[in-house]
Amino acid sequence: MAPSGAAQVGSMALVLHAHLPYVRHPEHPLFLEEDWLYEAITETYVPLLAMMDALRRDGVPFQLTMSLTPPLCEMLADPLLLGRYAARLDALIVLAAELAASHHGTWYEAAADDALATFEKVRHTFRDVHGSDLIAGFRHHQDSGGLNIVTCGATHGLLPLMATLEGRRAQLAVAQQNYRKHFGRSAEGIWLGECAYQRGLDVLIAEQQIRYVFLETHGVTFGAPRPKFGHYRPILSDAGVYAFGRDPACSRQVWSSEQGYPGDPLYREFYRDVGWDAPRELLTPFIGDGPRKNVGLKLARITGKVALNEKDPYVPVWASERARQHARHFLGERVKQVKEVRAQIDIEPLLIAPYDAELFGHWWYEGPQFIEALFRQAHEFPEVRLTSPSEWIVEHPEAQLVSPAPSSWGDKGYWDVWLNADNAWIYRHMHRAEERMIELATAHAAPNELEDRALTQAGRELLLAQSSDWAFIISMKTTVPYAVKRTRVHLANFDKLYHELVDGSAGAIDEAHLAELETRSPIFSELDWRVWRHATSGGPSIGGVSSRSIP
Amino acid sequence: MSSDAHLRRDHGTLPSSDPYIDWGPDLPGKYDGGRARLLVANPRALFVAWESGLQPERWRLELVVAGVTLRVIELAGDAGDAWVQVSPHTRGDVRLVRDGALVATLPFETPPDAPSEDGAERWGRVDEGGHVQAAASVGGTALASEELEPGPGPGGATSSSSQRGA
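First to last, the sequence lines map onto chains A and B. Just so you know, the first sequence maps onto residues 4 to 554 in our numbering. Just so you know, the second sequence maps onto residues 129 to 294 in our numbering.
By construction, these hints were calculated from the structure, which means they are not laboratory data. Here the structure is a predicted model, which is why all the values come from computation and not from measurement. Hints should not be assumed to be uniformly reliable.
To be verified - Subject to a maximum C-alpha distance of 30 Å in a straight line, what follows is the list of computed DSS-like cross-link-like pairs (lysine-lysine):
no.: 1; chain 1: A; residue 1: LYS296; chain 2: A; residue 2: LYS124
no.: 2; chain 1: A; residue 1: LYS314; chain 2: A; residue 2: LYS339
no.: 3; chain 1: A; residue 1: LYS488; chain 2: B; residue 2: LYS158
no.: 4; chain 1: A; residue 1: LYS308; chain 2: B; residue 2: LYS158
no.: 5; chain 1: A; residue 1: LYS296; chain 2: A; residue 2: LYS480
no.: 6; chain 1: A; residue 1: LYS124; chain 2: A; residue 2: LYS339
no.: 7; chain 1: A; residue 1: LYS296; chain 2: A; residue 2: LYS308
no.: 8; chain 1: A; residue 1: LYS415; chain 2: A; residue 2: LYS499
no.: 9; chain 1: A; residue 1: LYS342; chain 2: B; residue 2: LYS158
What the hints assert, rightly or not - Cβ-Cβ distance ranges computed for the label pairs, FRET-style:
no.: 10; chain 1: A; residue 1: ARG331; chain 2: B; residue 2: ALA262; range: 37 to 45 Å
no.: 11; chain 1: B; residue 1: GLY157; chain 2: A; residue 2: PRO282; range: 34 to 42 Å
no.: 12; chain 1: A; residue 1: GLN262; chain 2: B; residue 2: ALA272; range: 46 to 54 Å
no.: 13; chain 1: B; residue 1: PRO235; chain 2: A; residue 2: SER323; range: 28 to 36 Å
no.: 14; chain 1: A; residue 1: GLU442; chain 2: B; residue 2: GLY228; range: 30 to 38 Å
no.: 15; chain 1: B; residue 1: GLY258; chain 2: A; residue 2: GLU442; range: 27 to 35 Å
no.: 16; chain 1: B; residue 1: GLY157; chain 2: A; residue 2: THR287; range: 40 to 48 Å
As the list claims (entries may be wrong) - Which residues of chain A face chain B? A partial, calculated answer using Cβ under 10 Å:
no.: 17; residue: ALA113
no.: 18; residue: ARG142
no.: 19; residue: ALA166
no.: 20; residue: LEU168
no.: 21; residue: TYR235
no.: 22; residue: LYS314
no.: 23; residue: PRO316
no.: 24; residue: PRO400
no.: 25; residue: ALA427
no.: 26; residue: ALA495
no.: 27; residue: ARG533
no.: 28; residue: ARG536
no.: 29; residue: SER550
no.: 30; residue: ARG551
For glycine and all other residues, C-beta sits at the position ideal for the given N, C-alpha and C.
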């Protein structure tokens, strides 16, 4: 604990990137990949919201920055998905109650009781406190202060690997428009998909009145000229965009499999799920007649490096206490860090601590407790002030003028994850679609109503194909067929609409098919396809991709 | 033929050994009009892909930096792609030559993989109109250059999204 009256030495901004790809399958009653959303709502988004509710109720100040990406916002506002989620949560509560009854008097009693109580609390927060409208809950905390919400590219597209200025501009413009729809104001900051940056993007970002971005550490430290304070202060691009660089020490402490907190033996084990243990008849709402899978209910703790069937029962009170200890340790380490850095640079340093939001709660079950403890204990560590990028640039508007360096936060720090031997095939199709969307938007000066619908849906299909998630999944070799299929389906849908629109004859547009596509992927109701129109006034030169026609 | 270049026979379709896996619809094998593209993958690698309606053809890729041809890759066929090794923080061109005639020049600039040697300082702030105005230095002491070097390698597997089926 800091001595009473200790002076502030540095600042830290905690940033959570909340994103899931747009997965919505009305054509199937149960769809495995929709579980990504349902699990994240139960384990991450609702617990974070409940945490903010509790902190506000208790008068505990907090400063948290979150990106809520446009696809995630659209899914959190989707009646079909919300209805399915509510049913899923009810089924989880029934399952947890069955397990709590059957484990009464066993070593698993506390874990089963905790699971039931947790799900009931999640349902109360989701349904009763926030009326099934999580977006409104997050908006409330932003409007009340404490939460600072930033946007992301429209579908988390990897901007450096896009072919055109117009295509990149559309990702940013659609994102800003979507943010206004959900949050009633313009986004001040943006989390670029995968933190991927290429020179010249700052001009397009500034066009959208977005004031700052987050970059991987070397996006700042490899900038030119050399940044005087490294990543310990934001830099300012000539286009007027501040760039905040990730602090690797903050990341290591949470992410690292060796040094990171989430691997503590007392924490809940992610991989031991009752979906593989419980009697099959209890799992029908989750798996139907299909194979077993994780259902998001777990009763064991990590224990150590032992086989899954040798894991010890989870003891919630031990894990909660460990989360509080880890929060205290994290803050203590930040105090040491800011003192060391300040001694070097002789000016207040800012630490940017960004993480995937879904780490907290989904992968690291106790993560939201860790964050809550961090805010509740922060007053004991006055050397480190918790802030947000928005607050920082108001208080410290002067920054060194530096051109950020091309970079991403993926493996090796550039674009290898999204461009390699496994997924390079997507780009020739993606780039053609991008160029054709510009052609369509430029050629249609006065479309009729049906053409307008087709142009809008063509824009949606292109944006959905551009999601960086598909190339990522192909690289990671996880649910590869799904990622390949999503890429191909959206590109094929776009291709069909393109040819129908180019044809231009009466009846060329297959209205029944168009209506089906609109039903399947109703993302971005506000979408204006004119954002893809050819930029006659030019724009910045953006490196990374060059393209030429050949005979 | 260079080991890092190959003819593209599948045109983006994925052969599957499992007939029960649904890979989605086939994408066009060919588009109208030939096209050559270059994508920077990292400071040391470029991905170049091209397609043309004419065949059979012989292709040559030339990596040209500061007027000097550093690397040549030769291929045959109507379409193909290649990974081209380059150096960090380099500007240059990849020239695509078909049957001895230059058909496309693809410029590139690879990212730096080290801190800039330019230590000049300029300071600014953003006014209410969003324009950058000059500002005075905030003072402080510059970090030593070696402090800007990343650890074992920038980025990391620890830092990409954990959900999304991973």
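Going down the list of hints, with the structure as the test:
1. Taking the CA atoms of LYS296/A and LYS124/A, the gap is about 24 Å. The hint holds against a cut of 30 Å.
2. Of the supplied pair hints, the one linking LYS314/A and LYS339/A is violated, its CA atoms being roughly 36 Å apart against a limit of 30 Å.
3. Between LYS488/A and LYS158/B the CA atoms are separated by roughly 19 Å; this keeps the pair inside 30 Å, and the hint holds.
4. Of the pairs offered as hints, the one joining LYS308/A and LYS158/B is violated, with about 52 Å between alpha carbons and a cut-off of 30 Å exceeded.
5. Taking the CA atoms of LYS296/A and LYS480/A, the gap is near 18 Å; set against the 30 Å cutoff, the hint holds.
6. With a CA separation close to 37 Å, the supplied pair LYS124/A and LYS339/A exceeds the 30 Å bound.
7. Distance restraint check for LYS296/A and LYS308/A: the Cα-Cα separation of roughly 23 Å lies within the 30 Å cut-off, and the hinted pair is therefore satisfied.
8. Only pairs whose Cα atoms come within 30 Å are accepted, and LYS415/A paired with LYS499/A is rejected, the gap being roughly 37 Å.
9. For the hint linking LYS342/A to LYS158/B, the alpha-carbon distance of about 60 Å lies beyond 30 Å, and the restraint is violated.
10. A C-beta distance of roughly 44 Å is found between ARG331/A and ALA262/B, which places it inside the suggested range of 37 to 45 Å.
11. Under the hint 34 to 42 Å, the C-beta atoms of GLY157/B and PRO282/A, about 50 Å apart, miss the expected range.
12. Look at GLN262/A against ALA272/B: about 25 Å separates their beta carbons, and that is not inside 46 to 54 Å.
13. Checking the proposed 28 to 36 Å range against PRO235/B and SER323/A shows it is violated: the Cβ atoms sit about 57 Å from each other.
14. Checked against the given bound of 30 to 38 Å, the beta carbons of GLU442/A and GLY228/B, roughly 33 Å apart, stay inside it.
15. The supplied range of 27 to 35 Å is met by GLY258/B and GLU442/A, whose beta-carbon atoms lie about 31 Å from each other.
16. Our hint of 40 to 48 Å for GLY157/B and THR287/A holds, since their Cβ atoms are close to 44 Å apart.
17. Taking 10 Å as the C-beta cut-off, the interface hint given for ALA113/A is violated, the closest approach to chain B being about 27 Å.
18. Look at ARG142/A: its Cβ only gets to about 23 Å from chain B, farther than 10 Å, so that hint breaks.
19. At its closest, the beta carbon of ALA166/A sits 7 Å from a beta carbon of chain B; the interface hint therefore holds under the 10 Å criterion.
20. Annotation: interface hint on LEU168/A violated; nearest CB of chain B at approximately 15 Å, more than 10 Å.
21. The restraint placing TYR235/A at the interface with chain B holds, with a minimum CB-CB distance near 8 Å, inside the 10 Å limit.
22. About 21 Å separates the beta-carbon of LYS314/A from the nearest beta-carbon of chain B, more than 10 Å, and the hint is not met.
23. The criterion of a C-beta within 10 Å of any C-beta in chain B is not met by PRO316/A, whose closest approach is roughly 25 Å, and the hint is violated.
24. Using the Cβ-Cβ criterion of 10 Å, the hint placing PRO400/A at the interface with chain B is satisfied: the shortest such distance is roughly 4 Å.
25. The closest approach between the C-beta of ALA427/A and any C-beta of chain B is roughly 6 Å, which is under the 10 Å cut-off, so the hint is satisfied.
26. Satisfaction of the interface hint for ALA495/A is found here, the shortest Cβ-Cβ separation to chain B being roughly 4 Å, below the 10 Å cut-off.
27. Interface hint status for ARG533/A: violated, as the beta-carbon distance to the closest one in chain B is roughly 23 Å, over 10 Å.
28. Interface hint status for ARG536/A: violated, as the beta-carbon distance to the closest one in chain B is roughly 21 Å, over 10 Å.
29. Satisfaction of the interface hint for SER550/A is found here, the shortest Cβ-Cβ separation to chain B being roughly 5 Å, below the 10 Å cut-off.
30. Annotation: interface hint on ARG551/A holds; nearest CB of chain B at approximately 4 Å, less than 10 Å.
Hint violations for this structure: numbers 2, 4, 6, 8, 9, 11, 12, 13, 17, 18, 20, 22, 23, 27 and 28, all remaining hints satisfied.
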